[in-house]
Amino acid sequence: MAEPRPTEERIAELDKKIEQIKAQKKAILQREKQAERKARTKRLIQIGAEVEAICGEIVDLEAFKDYLSKYSYAIKKTQEPKPDTHSEYDYLKDPSV
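Numbering that gives the first Met the number 0 puts the first residue of the sequence shown at 0, with every later residue one more than the last.
These are computed hints drawn from the structure, not numbers from a lab. Since this is a predicted model, take the numbers as computed values, not measurements. There may be inaccurate statements among the hints.
[Said to hold, decoys possible] Simulated restraints on C-beta separations: (1) Ile17 x Glu51: 25 to 35 Å; (2) Leu13 x Gly47: 12 to 22 Å; (3) Ile20 x Leu43: 30 to 40 Å; (4) Lys64 x Ala11: 51 to 61 Å; (5) Lys21 x Ala73: 46 to 56 Å; (6) Glu12 x Ala52: 32 to 42 Å; (7) Lys15 x Tyr70: 18 to 28 Å; (8) Phe63 x Arg39: 13 to 23 Å; (9) Glu61 x Leu28: 30 to 40 Å.
[Stated by the list, open to error] With a straight-line Cα cutoff of 25 Å, these simulated DSS-like cross-link-like pairs (lysine-lysine) come out: (10) Lys15 x Lys41; (11) Lys76 x Lys64; (12) Lys37 x Lys24; (13) Lys81 x Lys69; (14) Lys21 x Lys32; (15) Lys37 x Lys25; (16) Lys75 x Lys64; (17) Lys41 x Lys64; (18) Lys37 x Lys75; (19) Lys75 x Lys41; (20) Lys15 x Lys25.
Here a beta-carbon is modelled for each residue, glycine too, at the ideal position from N, C-alpha and C.
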C-alpha cells in the first residue's frame, strides 16, 4: 500500500494549479480586450473612410470637430434603435386570421 503524500506536497501542487488557472484567466481576458480593441479600430477606420468619402480630406480638424459637435444630436438620433412595432400577438388583431 502506498504512503499518503505529505501535506506540504499536496499544498504545493494546489498552489501550482492555482497559478496555472490565474495565468489562463489572464490570457483569456487579454484576448477579449484585444478583440474589443481590434473591433473598435475597424469601426473607427470604417467611419473615417465614410466621412472622407463624403466630405473629402479634412484639412481643418478643429473646424470639423466643431461642426460635428453642432450636429451631433441629429447624428445620435439616427443611431437610436427603433422600437419594435410588431408583437407576437399581432395575428390576434387581424380579423382575417
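Outcome of the hint check:
1. Ile17 x Glu51: 25 to 35 Å: At 51 Å between Cβs, range violated.
2. Leu13 x Gly47: 12 to 22 Å: This hint is violated: roughly 51 Å between Cβ atoms.
3. Ile20 x Leu43: 30 to 40 Å: holds, 35 Å
4. Lys64 x Ala11: 51 to 61 Å: With Cβ atoms ~58 Å apart, the hint holds.
5. Lys21 x Ala73: 46 to 56 Å: Cβ of Lys21 to Cβ of Ala73: about 48 Å, so the range 46 to 56 Å holds.
6. Glu12 x Ala52: 32 to 42 Å: 60 Å Cβ-Cβ, so the 32 to 42 Å window is violated.
7. Lys15 x Tyr70: 18 to 28 Å: Taking Cβ atoms as reference, Lys15 and Tyr70 lie about 59 Å apart, which means the hint is violated.
8. Phe63 x Arg39: 13 to 23 Å: holds, 21 Å
9. Glu61 x Leu28: 30 to 40 Å: holds, 37 Å
10. Lys15 x Lys41: Violated. Lys15 to Lys41 sits at ~39 Å, over the 25 Å cutoff.
11. Lys76 x Lys64: With a Cα-Cα distance of about 18 Å, the restraint between Lys76 and Lys64 holds, given a limit of 25 Å.
12. Lys37 x Lys24: holds, 20 Å
13. Lys81 x Lys69: Since the Cα atoms of Lys81 and Lys69 sit roughly 23 Å apart, the hinted pair holds (cutoff 25 Å).
14. Lys21 x Lys32: holds, 17 Å
15. Lys37 x Lys25: holds, 18 Å
16. Lys75 x Lys64: holds, 15 Å
17. Lys41 x Lys64: holds, 21 Å
18. Lys37 x Lys75: holds, 23 Å
19. Lys75 x Lys41: It holds: about 20 Å lies between the C-alpha atoms, which stays within 25 Å.
20. Lys15 x Lys25: Given pair Lys15, Lys25 holds - Cα atoms ~15 Å apart, limit 25 Å.
Hint compliance for this structure: hints 1, 2, 6, 7, 10 are broken, all remaining hints hold.
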